[in-house]
Amino acid sequence: MNFETNDISKIEELHRPRANWLQPLVLLAPSGIWLLLLLVLPTLIIFQLSLVADIRPGDLVNPNGFKNYIRIFDPLYVQVIVRSLFFAFGTTIICLILGFPVAYWIAQIAPQRWRNLLLLAFVLPLWTSSLLRSYAWITILRPTGLFNSLLSNLGLPTLELLNQSQAVFIGMSYSLLPYMVLILYASLEKLDKRLLEAAADLGANPVETFCQVTVPQIFPGIAAASMLVFITGLGDFVDPELLGGASSMTAARLIYNQFLGATQNWGFGSALSMTLILLVSIAIALLIKFGEAAPKR
1205 MNFETNDISK IEELHRPRAN WLQPLVLLAP SGIWLLLLLV LPTLIIFQLS
1255 LVADIRPGDL VNPNGFKNYI RIFDPLYVQV IVRSLFFAFG TTIICLILGF
1305 PVAYWIAQIA PQRWRNLLLL AFVLPLWTSS LLRSYAWITI LRPTGLFNSL
1355 LSNLGLPTLE LLNQSQAVFI GMSYSLLPYM VLILYASLEK LDKRLLEAAA
1405 DLGANPVETF CQVTVPQIFP GIAAASMLVF ITGLGDFVDP ELLGGASSMT
1455 AARLIYNQFL GATQNWGFGS ALSMTLILLV SIAIALLIKF GEAAPKR
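Under the working numbering, the first residue of the sequence shown carries the number 1205, and numbering increases by one thereafter.
Keep in mind the hints are simulated off the structure, nothing from the lab.
Don't take every hint at face value.
[Stated by the list, open to error] Distance condition first, Cα-Cα at most 25 Å in a straight line; then the derived DMTMM-like pairs of lysine to aspartate or glutamate:
# : residue 1 : residue 2
1 : LYS1493   : ASP1396
2 : LYS1493   : GLU1393
3 : LYS1397   : GLU1412
4 : LYS1394   : ASP1405
[Claimed, not checked] Okay, the calculated beta carbon distance ranges per label pair:
#  : residue 1 : residue 2 : range
5  : PHE1251   : VAL1286   : 21 to 29 Å
6  : PHE1293   : LEU1328   : 23 to 31 Å
7  : SER1353   : LEU1406   : 40 to 48 Å
8  : LEU1245   : ASN1266   : 30 to 38 Å
9  : LEU1239   : GLY1407   : 47 to 55 Å
10 : ASN1357   : VAL1244   : 55 to 63 Å
11 : SER1333   : LEU1406   : 45 to 53 Å
12 : ARG1317   : VAL1484   : 49 to 57 Å
13 : ASP1278   : SER1353   : 19 to 27 Å
14 : SER1235   : GLN1312   : 17 to 25 Å
15 : ASN1268   : VAL1419   : 27 to 35 Å
Cβ coordinates follow ideal geometry from the N, Cα and C atoms, glycine included.
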């Protein structure tokens, strides 16, 4: 009896599926090595440089404290970071206000056969260089440009937009609007119209239906699109540099000056870079925590 029991247990053990840890490791190895070499190690190097005060190219790396991080709290640099957040947040709001109606129209109202063509029309600007798009806006917004020429022909006063914050918002919104539209379209396409009809049958007006039915269903898409635009806008360098002028100094431009400009202070530039990485990480953490929240029924 014991012999049969032992044989049965051995047979069950042989046929029991074993956890194969080597196969997932092999599959993840290429991307893991890629991330390690191009993301983790450079970030660690930047963090090490951020702990060295006044380091320049060719100096020995000798981490000695958090002086560079303390320097960030200087009112001048705080103003630059706040301006970067202001541009990123304002661009996100503008893209959301402009992109939501467009995405809704394409996903719910436009004929099915035209939707792919309409989406392609929004993607087309991304096929050109951001530098070329910024120079195009310079041509449009400069004092003798197309926009002011049109105002003059209409008998209206011209506007000084170039080298102003308004020009930065225009350029950044134009560059990031396609991302907002594409992500919102993906969410709105899956909108359950039966819930909208049920809300109308229960006496809800369009505003109540939108706030209590539509928004909860597509909230993950709104959060994902807003975070993508915000994070990209926070690190935008080209539009503030070309359209905003000297008065639109941002964190990205300040970091550029520390590494490649006349100041050449790699330690402080690294500390600014780590600060931006921290802000982006917080935004991603908020997206992970709240972006996938189940809508309330």
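Structure-based check of each hint:
no., hint, verdict
1, LYS1493 / ASP1396, "holds, 24 Å"
2, LYS1493 / GLU1393, "holds, 23 Å"
3, LYS1397 / GLU1412, "holds, 15 Å"
4, LYS1394 / ASP1405, "holds, 21 Å"
5, PHE1251 / VAL1286: 21 to 29 Å, "holds, 23 Å"
6, PHE1293 / LEU1328: 23 to 31 Å, "holds, 27 Å"
7, SER1353 / LEU1406: 40 to 48 Å, "violated, 53 Å"
8, LEU1245 / ASN1266: 30 to 38 Å, "violated, 19 Å"
9, LEU1239 / GLY1407: 47 to 55 Å, "holds, 53 Å"
10, ASN1357 / VAL1244: 55 to 63 Å, "holds, 56 Å"
11, SER1333 / LEU1406: 45 to 53 Å, "holds, 51 Å"
12, ARG1317 / VAL1484: 49 to 57 Å, "violated, 39 Å"
13, ASP1278 / SER1353: 19 to 27 Å, "violated, 43 Å"
14, SER1235 / GLN1312: 17 to 25 Å, "violated, 37 Å"
15, ASN1268 / VAL1419: 27 to 35 Å, "violated, 51 Å"
Comparing the model with each numbered hint stated earlier shows that hints 7, 8, 12, 13, 14 and 15 do not hold.
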